[in-house]
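Here's the letter readout for the chains.
Protein chains: 4
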Amino acid sequence: MTRNDSDPTDGEAACFEAGIKFGALYHQFAGTPVSPDSAPSLETAIEESIENQPFCESVTVDILTEKLAAEMDHEYTELTGRFMEVEIVVDREGCEVVTRMEMEDGYPLMKVESVR
Amino acid sequence: MTRNDSDPTDGEAACFEAGIKFGALYHQFAGTPVSPDSAPSLETAIEESIENQPFCESVTVDILTEKLAAEMDHEYTELTGRFMEVEIVVDREGCEVVTRMEMEDGYPLMKVESVR
Amino acid sequence: MTRNDSDPTDGEAACFEAGIKFGALYHQFAGTPVSPDSAPSLETAIEESIENQPFCESVTVDILTEKLAAEMDHEYTELTGRFMEVEIVVDREGCEVVTRMEMEDGYPLMKVESVR
Amino acid sequence: MTRNDSDPTDGEAACFEAGIKFGALYHQFAGTPVSPDSAPSLETAIEESIENQPFCESVTVDILTEKLAAEMDHEYTELTGRFMEVEIVVDREGCEVVTRMEMEDGYPLMKVESVR
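Keeping their order, the protein sequence lines are chains A, B, C and D.
Convert by adding 14 to the 1-based position in the first sequence; the result is the number in the working numbering.
Convert by adding 14 to the 1-based position in the second sequence; the result is the number in the working numbering.
Convert by adding 14 to the 1-based position in the third sequence; the result is the number in the working numbering.
Convert by adding 14 to the 1-based position in the fourth sequence; the result is the number in the working numbering.
Some hints here could point you the wrong way.
Heads up, the list lumps identical chains together, so a pair's fine if it works in one copy or across two of them.
In silico EDC-like cross-links for lysine to aspartate or glutamate, where the CA-CA straight-line distance does not exceed 20 Å [as the list claims (entries may be wrong)]:
1) K125 - D21
2) K125 - E99
3) K125 - D19
4) K81 - E110
5) K125 - E85
6) K125 - D105
7) K81 - E107
8) K125 - D24
9) K125 - E110
10) K81 - E101
11) K81 - E71
12) K125 - E80
13) K81 - D21
14) K81 - D105
15) K81 - E127
No lab work stands behind these hints, which were simulated from the structure alone.
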């Protein structure tokens, strides 16, 4: 096949894959009932679940249990972006993309840190 | 308050709570990427997550890894009712309800086993 | 089959079904991006989707768009219990159960209103 | 700030955004109860919901109702990638990315069609 100018580069295709993992992670698990006690098992399950997806090298999830404990009115709350920091590394055809989600201006911002 | 004839009994209120847990469990976690390797961490996370909810005594999730391995085309698949058996026990105001989900006629059937 | 004392009554079985619909509705759609403009189509989709489930007579969803508009920091937010009121009517073997979710003490409370 | 060689290009950042929308769409709505009758309202709700997200120009969802009707055992089934085709267009800082999901080899493949 001839390559068209509008075809994605390797970097663009790898960043698309990284985005898919982030959207999947967030919308699969947002809303899950979580407490400081149950946070560790949820972190592990999210990591191992998303690592199943194609091109996914590693997923690291940190549920912010102190913030969780401070903000929950009852004995648990629902997981949302405010309560977690996530790093996802994708490797597709030799192109490695490091991506991260953390709070910025009160909003869980997902961004690409590096493409190599 | 006077009790109306149409008010729920303790057994009815407890069964409503048990149903909520089942619907929550199923629709929160259906669609999660899962493989035989990642099934154990997902089982634990589902159990501990739903046990956070009010009146929930215990949740037992068994992901059917042999069936999973036999049916997945790629290295993982999406969790659905076909791949799990679940028991949820609710205790509300002294009324204990045991409920279960398992396949029946090719359909993941949720049912009340006992109300005591 | 002989009926055991611990078998569910018709009312208990109907309340279990109503609970399933509530848990399903909440955990399927919590986290959905929503704005005042997109709220009407989401209300309709939630209603028609859950009405597909067995024994489900009617589902009425009211997304609180004024509250949504007041609380969102950006142009949209994620749907959660704070932003909706829901009524679900189940009819199973002639037993009709009316259930409702609305905010109570800052928490989206689901309850059985009547069993007939 | 100095630009590092490993910083994402505009095309890479736009493809990351497109991926997020795809992962979000899939994992928010997979598992939703759907029938041929309720498919149109669900299509509209998915489109309007994801179009709320940043940089999202347009979302087009086609639920394959004939396939749905042919494969469902009961009066409804759960939405999954097998039953829908999706196009998402993202525009970020003047870079337009067209992405698509459709079945390929029995698997719902998401891909970048063009970056301009």
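For each hint, the structure was consulted:
1. With identical chains, the CA atoms of K125 and D21 are at most 20 Å apart between copies only, with a shortest distance of 11 Å across copies and 22 Å within one.
2. For a Cα distance limit of 20 Å, the shortest separation of K125 from E99 inside one copy, 12 Å, qualifies, whereas the shortest one across copies, 27 Å, does not.
3. For a Cα distance limit of 20 Å, the shortest separation of K125 from D19 across copies, 16 Å, qualifies, whereas the shortest one inside one copy, 25 Å, does not.
4. Taking identical chains as interchangeable, the C-alpha atoms of K81 and E110 are never at most 20 Å apart, the minima being 32 Å within one chain and 34 Å between chains.
5. Proximity of K125 and E85 under a CA criterion of 20 Å is satisfied in neither setting, with 26 Å inside one chain copy and 25 Å between copies.
6. Taking the closest pair of Cα atoms, K125 and D105 come within 20 Å of each other both inside a single copy (16 Å) and across two copies (16 Å).
7. Proximity of K81 and E107 under a CA criterion of 20 Å is satisfied in neither setting, with 39 Å inside one chain copy and 32 Å between copies.
8. Taking the shortest alpha-carbon separations for K125 and D24, both the intra-copy value of 18 Å and the inter-copy value of 12 Å come in at or below 20 Å.
9. In this assembly of identical chains, K125 and E110 lie within 20 Å of each other by CA distance both inside one copy and across copies; the values are 14 Å within and 18 Å between.
10. For the homomeric pair K81 and E101, the shortest alpha-carbon distance inside one copy (19 Å) is at most 20 Å, but the shortest distance between copies (32 Å) is not.
11. In the homo-oligomer, the alpha carbons of K81 and E71 never lie at most 20 Å apart, since the shortest distance is 28 Å inside one protomer and 26 Å across protomers.
12. Proximity of K125 and E80 under a CA criterion of 20 Å is satisfied in neither setting, with 24 Å inside one chain copy and 31 Å between copies.
13. Taking the shortest alpha-carbon separations for K81 and D21, neither the intra-copy value of 43 Å nor the inter-copy value of 31 Å comes in at or below 20 Å.
14. For the homomeric pair K81 and D105, neither the shortest alpha-carbon distance inside one copy (32 Å) nor that between copies (30 Å) is at most 20 Å.
15. With identical chains, the CA atoms of K81 and E127 are never at most 20 Å apart, being 25 Å at best within one copy and 36 Å at best between copies.
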